[in-house]
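Enquirer: This is what each chain is made of:
2 protein chains.
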Amino acid sequence: MDETRRPQLGPGPEFDLIRSMTSSARAPGDARVRIGPGDDAAVLRPREGEDIVVSCDMSVEDVHFRRAWLTWEEVGWRSVAAALSDLAAMGARPLGALIAAALAPELGTEVADSLAAGAGNCLREYDCPLVGGDLSRSTGPAVIDVTVLGSASNPISRAGALPGDELWVTGDLGAAALAAAAWERQLEPDVRARHRFAHPEPRCAEVEWLRTRMDIHAAIDLSDGLAGDARHMATASEARLLIEAEAIPLHAALEEFSDREVAVRIALTGGEDYELLLAAAPGAGDGTRREFESRFDIPLTRVGRVEPGDDVVLLLADGAVGPMPSGAYDHFETRRS
Amino acid sequence: MDETRRPQLGPGPEFDLIRSMTSSARAPGDARVRIGPGDDAAVLRPREGEDIVVSCDMSVEDVHFRRAWLTWEEVGWRSVAAALSDLAAMGARPLGALIAAALAPELGTEVADSLAAGAGNCLREYDCPLVGGDLSRSTGPAVIDVTVLGSASNPISRAGALPGDELWVTGDLGAAALAAAAWERQLEPDVRARHRFAHPEPRCAEVEWLRTRMDIHAAIDLSDGLAGDARHMATASEARLLIEAEAIPLHAALEEFSDREVAVRIALTGGEDYELLLAAAPGAGDGTRREFESRFDIPLTRVGRVEPGDDVVLLLADGAVGPMPSGAYDHFETRRS
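Protein chains in written order, with our numbering: chain A, 1 to 337; chain B, 1 to 337.
Each pair of labels, with its calculated beta carbon distance range:
(1) B/P105 x A/V191: 30 to 40 Å
(2) A/P299 x B/H195: 54 to 64 Å
(3) B/S153 x A/V191: 51 to 61 Å
(4) A/P282 x B/R47: 36 to 46 Å
(5) B/R45 x A/A104: 32 to 42 Å
(6) A/A104 x B/G164: 43 to 53 Å
(7) A/A31 x B/R45: 17 to 27 Å
(8) A/R124 x B/T212: 38 to 48 Å
(9) A/T71 x B/A68: 36 to 46 Å
Hints listed in this document are in silico derivations from the structure and should not be mistaken for laboratory results. Values in this document were obtained by computation on a predicted structure and should not be read as measured data. Even glycine gets a Cβ: it sits at the ideal position worked out from N, Cα and C.
The shape of chain A in the complex, shown without the other chains (with noise of 0.2 Å):
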């Protein structure tokens, strides 16, 4: 009856940060939310015809992240910023969120305020208002888990890509791999490769923008990187995917490598970008790219195309087709889960 009892809710911990969080998250007189954080739950009110799209991502200290990577801060931001990079992946745009933290007491109110500040940051950046959560005491490591719903007239699954499909990658991939492999090996991670671990974002404005000017047929964020999320997308469409070496955009922290081969793997493999993988009808132009990258200030990279087929293969400078890596990657000489 002691601490295996729920905390008992009322003006606590749990208020309190999710006071914080929902301050500097939420607009007062926001049209999505009819009963905000405090009842018993949150009533959201969908746009009128669309479908409601769900996710949650888990964060665990010690598996996603670890404490001496990260400010608690930064652990918030990127808490929020995988679940929504999920909403991106479906092109729907944030109705609500909810989070829910088991913390060890002696972590303290800074901590958790940081993280709420984090997370706060993140939902009011992505004009995501807070409509409920849950702080737990833990005796072991964080667990932050977000649960994000959004709205969409026709979501994007990653399941429509078709053959004759062009496929694109926003942004450039593999910063956020480096920068865990340096932390791995007790070095400090290039300064631009850490800023994309430690902040991702996720692509709601662009996708949105992009359905206007593409037909896109199926999409995927990159949490488990290209190689591992092509292969989602094709088992589930069905299809080949062929992606194309040479075409990847790497980000410049990869130009450490003289060995672009190294770089390439660290993107296919690496993950933690969420940036879009699309497949689109064929067609879209230069100039849909050109005015996305002045727009974004992100490159958008044609990376491939799709084939009848259903796996996923890597098209080499060569004109060679070899078979996509995937599992351990020992440039690193670590293991994988």
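Given chain A, work out where chain B should sit, using these hints.
Expert: Coordinates of chain B only, in the frame set by chain A:
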């Protein structure tokens, strides 16, 4: 880049867990689910004109339950039931659930399967499709976060209680707290009390039925205990809630206490009952109560009334009005957080 990286998606344990729960919890062709688990996000179709109701509930091992107390199947049921109870309190019908879990690898697949089976049983019992989830390794205690979405054309808030309303409670109270107290004293709990702790039954159907016969102004689920939850309703409604001590429906397991006052205190402060406290316009008669009890096989009890004010008071048998007990309850010589 090794164990701190996101576990690969694909045909791994995450998909097994989700598939296991999905297969037990989701009927194919469910009109509510346009895209189920396996995409970046799920897509749900709300009922036309209805609002979305959403809540999350996190269960942490050694905080909300102990491994020695419950089977993993019971942990799964209880985690889902606690979240669905929030939908019941809003008068919402389940639309979909997402389950995120962090489990230590040494627990093995048998534990994950049991957890999934219990969660799946509860989802199926309440006709709530599983639409997403996230499974992570963890180095610490098991953490399960359940997010539930429901829909309602006119959700019930906890903020609507009006002076003159009658207060009603579904079911009987105190058994779950009694079980927890026994465990804390290293005793085997009463088998009926244990069942109520391990297998709470959200009152979804009950509230839906009652709404057609009573004008329910406010509702809250009894997770903290009647005293605390009545206080939440009073604060949100800006009203005084007067609870009659003699009227509180006590679970039969509390008959072990010869002193009714002790049993009442357990029922008031114990929590974990997941029954509902309702504030309804006066006049619902004995006919409604009898029909309810016959249909649902649980009591429906008028426990008090709403008055002008902003607090919660206890009306004692001798007609005196006393403050509501709160905080530490020292009969079991235990501490509360």
